[in-house]
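Asker: Letter by letter, the chains look like this.
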Amino acid sequence: DAGVIQSPRHEVTEMGQEVTLRCKPISGHNSLFWYRQTMMRGLELLIYFNNNVPIDDSGMPEDRFSAKMPNASFSTLKIQPSEPRDSAVYFCASSYPGLAYEQYFGPGTRLTVT
Amino acid sequence: KNQVEQSPQSLIILEGKNCTLQCNYTVSPFSNLRWYKQDTGRGPVSLTIMTFSENTKSNGRYTATLDADTKQSSLHITASQLSDSASYICVVSSDYKLSFGAGTTVTVRA
Numbered sequence: 001d002a003g004v005i006q007s008p009r010h011e012v013t014e015m016g017q018e019v020t021l022r023c024k025p026i027s028g029h030n031s032l033f034w035y036r037q038t039m040m041r042g043l044e045l046l047i048y049f050n051n052n053v054p055i056d057d058s059g060m061p062e063d064r065f066s067a068k069m070p071n072a073s074f075s076t077l078k079i080q081p082s083e084p085r086d087s088a089v090y091f092c093a094s095s096y097p098g099l100a101y102e103q104y105f106g107p108g109t110r111l112t113v114t
Numbered sequence: 001k002n003q004v005e006q007s008p009q010s011l012i013i014l015e016g017k018n019c020t021l022q023c024n025y026t027v028s029p030f031s032n033l034r035w036y037k038q039d040t041g042r043g044p045v046s047l048t049i050m051t052f053s054e055n056t057k058s059n060g061r062y063t064a065t066l067d068a069d070t071k072q073s074s075l076h077i078t079a080s081q082l083s084d085s086a087s088y089i090c091v092v093s094s095d096y097k098l099s100f101g102a103g104t105t106v107t108v109r110a
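For the record, the sequence lines run as chains A and B. Each residue of the first sequence is one higher than the one before, counting from 1 in this note's numbering. Each residue of the second sequence is one higher than the one before, counting from 1 in this note's numbering.
Bear in mind the hints are in silico, worked out from the structure with no lab data behind them. Since the structure is predicted, the reported quantities are computational estimates derived from the model, not experimental observations. Yeah, the Cβ is synthetic: ideal placement off N, Cα and C, and Gly gets one too. Some hints here could point you the wrong way.
Computed beta-carbon distance windows for the label pairs [unchecked claim]:
#1 A:P97 <-> B:S28: 20 to 26 Å
#2 B:R42 <-> A:T20: 20 to 26 Å
#3 A:Q80 <-> B:S58: 43 to 49 Å
#4 A:A100 <-> B:L11: 26 to 32 Å
#5 B:N18 <-> A:T20: 43 to 49 Å
#6 A:P84 <-> B:N59: 26 to 32 Å
#7 A:E62 <-> B:L11: 47 to 53 Å
#8 A:T20 <-> B:N55: 29 to 35 Å
#9 B:Q81 <-> A:G3: 41 to 47 Å
#10 A:N71 <-> B:L11: 22 to 28 Å
#11 B:R42 <-> A:T112: 31 to 37 Å
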C-alpha cells in the first residue's frame, strides 16, 4: 500500500488566493482526519470524517476553511481566501472507523501564504 | 478544559542512554492515549495506543506507561539511537475529541 497520499507537497500562494489541498486515504480506512501543524500551536485537528460524513469540524478555524469527502478515496481541504496566518503544514491521516485505531499520516503539505 | 501537558519541552541525551518523557492530562472522559514520533519534515508515526485498562505497552525500545488514576503517562526510550532524534507527541482522545500535547523534542548525540 502506498500509504496516505497528499498533494501538493508544497504550495506557495499569495494572500487572497484560493488553495486546495488533496488527500487519498489508505484503502479500507473509513476515517479521515485533517490536521494543521505550526510551531506556535503544535498539531491541531481541523476536521474528522467517518464514512465520508463530517463528525467533528469544531477545529476548523473559520468559514474560510472548508473540507469535503465526496467518496471513500478522496478528500479536499480548501482555504478561500487564504491569509498569511494560514501558513502551516497540513496533514491528512486515515484509520479504521473511530478513534480507537492507529492513524496513519500522510507526508503533509507545506503551505506558505505571502 | 481538556489539556495535555508534556515535559520536558526538549532534552539532549547521549547515544545508548535511556530517557523518559512525561505526559499529564486532564481530558475527561478518557478513551485512549497515544504516543507519536515525528521526524523533522515528516508526518507523525504512531508508537503506542493505550486504553484505560492498559498500564504498559511496548514497541521495540519504546515503552509507554499509563496511570489512569493520576492521569499520567510516560514514554521510556531504552538504549537510545541517533534515529530516535525526533519530536514525541502525546495525544489523548475523549469520545470523538482529540487533545494534543505540545511535544518533547529529543536530540540524541553520538
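Asker: Report the numbers of all earlier hints that the structure fails to satisfy, in ascending order.
Answerer: Hints 6, 7, 8, 9, 10 and 11 are the ones this structure does not satisfy, whereas the remaining hints hold.
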